[in-house]
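Input sequences plus hints: build the corresponding full structure.
There are 2 protein chains.
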Amino acid sequence: MRLSGLFTKTRKTVPSDETAKNAQLLIKAGFVNKEMAGVYTFLPLGLRVLNNISNIVREEMNKVGGQEILMPALQLKERYVTTGRWDDKVVDDWFKTKLVNGAELGLGFSHEENVATLMKEYLNSYRDLPILPYQIQTKFRNELRSKSGLMRGREFLMKDMYSFSISQKQHEEVYEKVQNAYFEVYKRLDIGDKTFITSASGGSFSKYSHEFQTLSDAGEDTIYLDRKKKIAINKEVFTDEVMDDLGLVREELEEVRAIEVGNIFSLGTKFSAPFALKVADEEGKAQTLIMGCYGIGISRLMGTIAELFSDEHGLVWPEAVAPAKIIICRLGEDPAVVEKADKLFKDLTGKDIAVLYDDRDLRTGEKFADADLLGIPYRVVVGQQNVDTQQLELKQRSHTTTKLVSYTELVNTIQKET
Amino acid sequence: MRLSGLFTKTRKTVPSDETAKNAQLLIKAGFVNKEMAGVYTFLPLGLRVLNNISNIVREEMNKVGGQEILMPALQLKERYVTTGRWDDKVVDDWFKTKLVNGAELGLGFSHEENVATLMKEYLNSYRDLPILPYQIQTKFRNELRSKSGLMRGREFLMKDMYSFSISQKQHEEVYEKVQNAYFEVYKRLDIGDKTFITSASGGSFSKYSHEFQTLSDAGEDTIYLDRKKKIAINKEVFTDEVMDDLGLVREELEEVRAIEVGNIFSLGTKFSAPFALKVADEEGKAQTLIMGCYGIGISRLMGTIAELFSDEHGLVWPEAVAPAKIIICRLGEDPAVVEKADKLFKDLTGKDIAVLYDDRDLRTGEKFADADLLGIPYRVVVGQQNVDTQQLELKQRSHTTTKLVSYTELVNTIQKET
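Those protein sequence lines, which keep their order, are chains A and B. Here the first sequence is numbered in numbering that gives the first Met the number 0, starting from 0 and rising by one per residue. Here the second sequence is numbered in numbering that gives the first Met the number 0, starting from 0 and rising by one per residue.
If you are wondering where the hints come from, they were derived from the structure by calculation, not from laboratory data. What you are looking at is a predicted structure, and each value in this text was computed from that prediction instead of being measured. Take these hints with a grain of salt, some might be off.
Because identical chains cannot be distinguished in the list, a pair is counted as satisfied if it fits within a single copy or across any two copies.
When the alpha-carbon atoms are kept at most 27 Å apart in a straight line, the in silico DSSO-like pairs for lysine-lysine are as follows [unchecked claim]:
{"hint": "1", "residue 1": "269", "residue 2": "206"}
{"hint": "2", "residue 1": "20", "residue 2": "95"}
{"hint": "3", "residue 1": "33", "residue 2": "269"}
{"hint": "4", "residue 1": "95", "residue 2": "33"}
{"hint": "5", "residue 1": "186", "residue 2": "62"}
{"hint": "6", "residue 1": "324", "residue 2": "342"}
{"hint": "7", "residue 1": "33", "residue 2": "76"}
{"hint": "8", "residue 1": "206", "residue 2": "33"}
{"hint": "9", "residue 1": "350", "residue 2": "415"}
This is the structure in structure tokens:
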């Protein structure tokens, strides 16, 4: 992608009401635009990041048997009346709307009711189980306050997966498998070492749910972390009893702030019983299905990564999610320079490497500042001094030093397994 | 994908209120589930079709310089008050909702206001123009009636692109380029020969807009078509004056029903003037930008293709959008048959061919009926009689005859350029 053709530009200022670091960085770099609190437009480079995160999540869900679907945002009132979740006193962040004929509808904040009724159409026998339908879809939550940038959206992209099992035992196997898939996701996103499974409140069908909490002072949660055992307890359930349950002792725990980047929840029959979602087991006996739900906020992850990976010059994207692997900074408009830079752009693109090409008529300082602000993992310079040599000046965004490399070394460096 | 693991099943019945042929076919085959009139869930195979269509549209928009973004569904009231479109008497298919604090919001039915204000952040000079931001995003329209299946959704997937130009001349060049891109899209979707550009009402800034109308008795529009000239007039503007304008004569025109599968519209300064969206031209004079908008209903296209490509046995997907290129029907559970079918599945998948593998324990007739219902372009049979021979029985969904082919011939046939 040539920057001369990209409509976004980097910005020096952000809206005065934007106090979250992640959103400030993303707005300055032209990755998102703020529409209102908790509602953002994803611009071309930002959408690439969002899609990269979605694809990693998708691949890991598919590996454990996830089947991708797409459910609607518009939700039928009657289903939520059935489960007791229509009332605004029960669910306080509903967005509601109406059909022309006056019938009330909700905008989906989560899809348990939807997916449970869907499964009534398709599941007949224990042989169909377990199954793991999931979607990557836009959720709506009418948050009273939304001041954490992309980390607390009123409209946001979420991966929500649901499991249906014939027995508690089968459910527990699935739950553990998905838990492992979540760790894979965070590892690939380069936040694995900062992300800890955290016991949180469980509800009526299980003692605990599990959150995945990424350490950050910008987080909205407080957790008590045992760094050696790599597990934590959310403050909301932090009691002696819970510590005992988990084999943790107060002296080993550290109070830290963290961002909830995922949660998994055993739902028992909470959403299957009201819809009489049952199938015959091996003995032919009808069993109400055991459900689980498994969420990952895709846009929240983008905010989290922006929050964690930056320095005073701007964003520093991990390679797996960066909008491009490398940015070519062309210095000057000399025909020989242009020819050399054009060729490099074409060659790298031809190798299926995602490349940004700064072919704009700007000063060197501005180009380097933009390359830093955008956070592209590698920067290569093509200027007058490179025309007659085979050497190119390569710099890693996360390093301060540059090194001279041949074209082959350049390709090998940026194509290395990440 | 193994059918034994897929949670959807084909169905013999559809909801009694589902009268549209496209939705009936898609529901029976397990591609979509009806949530309410005009609102569908896309199931695993249906989502594949939807994504295939999206990707074709995306590629063609990118070829003409489209830059993909993602705008939100939640819309600020104030912008629509500015353009006069907030009033339900002006726009009668709004879904509206409210923030917790009582502020009214709309759900986007189209994004002219949104994209015009967005561009104020980024456009400074005629050098930035023309630009073509677009999104593939979920739209909400509060239709009074929604009886055409996927062809008239209350919640649906749409590609909406917007152009910004410095002059009418530049706008016209862009408009023509996008028009050509639309023809490419329909050609790749195999509906090119049935799709005609059609003059329709233009609004205050241009005499006509242009629709792309695909001939079908299920269409909601009536058009007057000159088959030789390959252009048409929508009934809503069918007058002597319009015929004169277009050089058409009544005797050459045929009255036909058609489905609107796209529209392109010159907006003039209708949405740029209210927001004072202007930049300096080459003489340094501030010019209010000329806008165009370009819509394609992605889910409507899926409905249109389903409506057009079927026979009495079910769907007959064009290869470019089919959820898989080929379906392997394994007959029986004999270990040698299983081994041979498993190997074929693995080999084809390894060649990046999208394959469905019917490894279920069902009778031959049921498998063949499902393969037909699903509409997969090629069906290959692996049964007892194939174990000791190198020949495989291949059938094209759109043909009635089968032929015996070697593995190499099979691969060549289904990998041919489509």
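Hint-by-hint comparison with the structure:
1. 269 to 206: within (14 Å within a copy, 58 Å between copies)
2. 20 to 95: Neither: 31 Å inside a chain and 31 Å across chains, both beyond 27 Å.
3. 33 to 269: Only across copies: residue 33 and residue 269 sit 24 Å apart there, 37 Å inside one copy, limit 27 Å.
4. 95 to 33: Classified as both: same-chain Cα gap 23 Å, cross-chain 20 Å, threshold 27 Å.
5. 186 to 62: Within one copy, since 15 Å is at most 27 Å while 35 Å is not.
6. 324 to 342: For residue 324 and residue 342, only the intra-copy Cα distance (17 Å) is at most 27 Å; the inter-copy one is 37 Å.
7. 33 to 76: Answer is between; shortest inter-copy Cα gap is 15 Å, intra-copy 31 Å.
8. 206 to 33: neither (39 Å within a copy, 36 Å between copies)
9. 350 to 415: both (13 Å within a copy, 24 Å between copies)
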